[in-house]
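Residue-level listing of the chains:
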Amino acid sequence: MDALIAAAIHDAKNGLSALNTWLAEAQREHPSQALTEAQSVAIRVSAQMVELLALYRAAEGSLRLAIDDHDLTDFCQDLGAGRVLPPQSALRLETKLAAAADIGAWAFDAYQVNLVLLDALRNAVRFARRVVRLSVEKTIDGICFTVADDGPGFPAEILDGAETTMDSGSSGLGLRFARLIAQRHATPDGRHGRIELGNDSGANGGAVFRLFLP
Amino acid sequence: MDLRGKYGLLIDDIAEMRTTVRIQLADSGLEKCDAARNIKEAIERLSQRRYDLIVCDYNLGQGADGQQLLELVRRRQLLPLSSAFLMITGETGYEQVSTAAEYAPDDYLIKPFTSELLRSRLERILEKKEALRPLYQVLTDKVDRAKALAICDILLAAKGRYVLDILRHKGQLLLESKRNDEALALYQGVLDQRATPWAEVGKARALAATGNEEEARQHLQRALDAYPNYLAAYDSLALLLEKTDKTAAQEVVEKALKVAPSTQRQRRLGGLALENKDYPRAESAFRRATEKDRTGFFKSHDDYAGLAKSCAEQGKIDDAFAAVKDMGNHFGRSSDLLARQAAVESLVHVKAGNPLAAKAALARALALNDDQALDPTTALEIATACFATGDAETAKGIIQSVAEDHNENETVIQLAQGVFLAAGHGEEGAVFLEATRKRMIKLNNDAVAMAKAGDLDHAIAMLTEAADRLTNNCQVSVNAALAILMDVQRNGAAPEKFSRAQTYILQARRANPEHRQLADLAKFYRKLAPPGTPIIEET
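As you go down the protein sequences, you meet chains A and B in turn. In the numbering used here, each residue carries its 1-based index in the first sequence increased by 4. In the numbering used here, each residue carries its 1-based index in the second sequence increased by 406.
Calculated directly from the structure, the hints in this document are not laboratory data. It cannot be assumed that every hint is accurate.
[Unchecked claim] A few chain A residues that face chain B, going by a derived Cβ cut-off under 10 angstroms, partial list only:
{"hint": "1", "residue": "Thr77"}
{"hint": "2", "residue": "Ile107"}
{"hint": "3", "residue": "Asp204"}
{"hint": "4", "residue": "Ser205"}
[As the list claims (entries may be wrong)] Label pairs and their calculated CB-CB ranges:
{"hint": "5", "chain 1": "B", "residue 1": "Glu422", "chain 2": "A", "residue 2": "Gly84", "range": "56 to 62 angstroms"}
{"hint": "6", "chain 1": "B", "residue 1": "Gln543", "chain 2": "A", "residue 2": "Ala103", "range": "45 to 51 angstroms"}
{"hint": "7", "chain 1": "B", "residue 1": "Ser740", "chain 2": "A", "residue 2": "Gly84", "range": "22 to 28 angstroms"}
{"hint": "8", "chain 1": "B", "residue 1": "Ser583", "chain 2": "A", "residue 2": "Asn18", "range": "25 to 31 angstroms"}
Each residue gets a CB set at the ideal place from its N, CA and C atoms; glycine is no exception.
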């Protein structure tokens, strides 16, 4: 049964990847808003499959992060943050990545952290009114990525530690995945990564997602 | 960085993937690109010309993967460090690729990817290759660590964005040059800034090299808790444990195999299990090693020999003989192969209780060792068979000539000690090998003293006799050449003297290109040799 779950997730992911290729093809022939929406759904579900697989492997004890040095500037470039905005979106993406060059390289699993940040960005895009912000900075004992929006902010239950709310229609998979990946980043002296959720009390309001890596 | 004008090689066993990636490469501006379908074709291509960049799928079928290929071609110097290697993986293969131990790819890309991403990655690697070209050049050409370190310092002084890459090379070079305190300081300097696995492993290696083995072990254990995927940490830890606790070493290799299977690690596991008398585990590891690699590029005689021994120890005599026979089916017919087969066959006969057949097989092996031109591993297998059939004197004779010939090669000496140990003569072996080592030092010292005292003829006779017998002993060859050149200096030149000196210099260089006296010796030769005498430069 267990092997079947992993195989089924793989199949679904491959299917979605093929679906996405066809949608892109269709988009080239007859561009339409509906196709754009369909594409973003396919991408989102595909990402969820990857996250689900990671959670499954973590439960199985076979999830192992591949931690090595990555140039932060290159990483932020590859993140492709711009692509999370739908075409013709009225939203603005503000990035503050100057610190990446000062930090230089950092040791982390670029593939998994990329997934966490893209998920956080997609989430911010869903709730933002005008602007989504992405930044990276050096902290006392690590680095911190911040994804913020100017939407209604996280519901109180989420801030209290729940992964999902009764009426959100979300499975909470993204947050669970983010917590898992953050926690699995560790150092030999026993420090771990973490995520922090909060709401901006300033004029813009909005949700603030932070990923700390040791 | 423009990809136009660069020459690429794409390696993938699936035709559709080759087509897709080929189109993406063309989109990225790479016009000249050859393709290879498997390890064999890739090695042929790489032997024929130099490529600027390799794009290789991790999964190559036939029980082999891109990481094994990369290790092979870098080790065989078919792919210089100045050529870029990009690995393509599925999302479940990337953890193995990204934490590869010694020969890591320059970058990896997870499928599916866009042409833009492929291009930006390739451009990025090629930019780095360009910036570090002087360093790669000297690292690839020949072993001149002092020069490589000097280039590292020049590049580091220029600051730039590749500081960490240069520091990684510099740390490695310092360790290889036994400048262990400096290596330790380098790694500690990086770790003072932040935690990162490569510097943790480097620090542990430097600690071990400065004699703090226990601290090194603890350090690696902690590193593995944080980075359970970092293969270099497993490999270093297993190496340390091999000296003190082979059972623990075996467990570490088991864990590393779970992270990334490779023929080489199976072989290491099999060897350790055999020493630990864990014969079923040894059998399964060697079986994996012999069966998994269907390309034939990664397995060795050792795998079949190990399989035969682990079967014989369990009383599976038929399986053991089958492994001996199989060895002959997978490698080219050579004296080493035939002698190894005969020696292992003899060992199996001993276990099967056929002393006469054991003697007969051993006689065949010994006949092949007559001119003592066999590989040390083969010769030591024959010694093992000699011990097993009760002929300790012949065994010791073989071990002595191997130990004299490979006097400076720690790996061979350890193998020799292993033969004694397996025969139940561990203590005697240690004394025997130490005496051999001292005798070789004395031979060299005596000859040098004689030469200095003016008795050059005698010194030359002694050293050349030894050098002709011990063609793998670098020090003896160096001294033989030195004595001949001293004779030139004192008694005048003769073409015959130079050709003899040249023979020994080349022999020394083959034996150990890193010998510390080689450079001075070559300088001495060039100073004395008139134009027209044989050159000693490598071609």
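Hint check results:
no.: 1; hint: Thr77; result: holds (8 angstroms)
no.: 2; hint: Ile107; result: holds (9 angstroms)
no.: 3; hint: Asp204; result: violated (29 angstroms)
no.: 4; hint: Ser205; result: violated (32 angstroms)
no.: 5; hint: Glu422(B) with Gly84(A): 56 to 62 angstroms; result: violated (26 angstroms)
no.: 6; hint: Gln543(B) with Ala103(A): 45 to 51 angstroms; result: violated (35 angstroms)
no.: 7; hint: Ser740(B) with Gly84(A): 22 to 28 angstroms; result: violated (54 angstroms)
no.: 8; hint: Ser583(B) with Asn18(A): 25 to 31 angstroms; result: violated (50 angstroms)
In this structure, the earlier hints numbered 3, 4, 5, 6, 7, 8 are contradicted, and the remaining ones agree with it.
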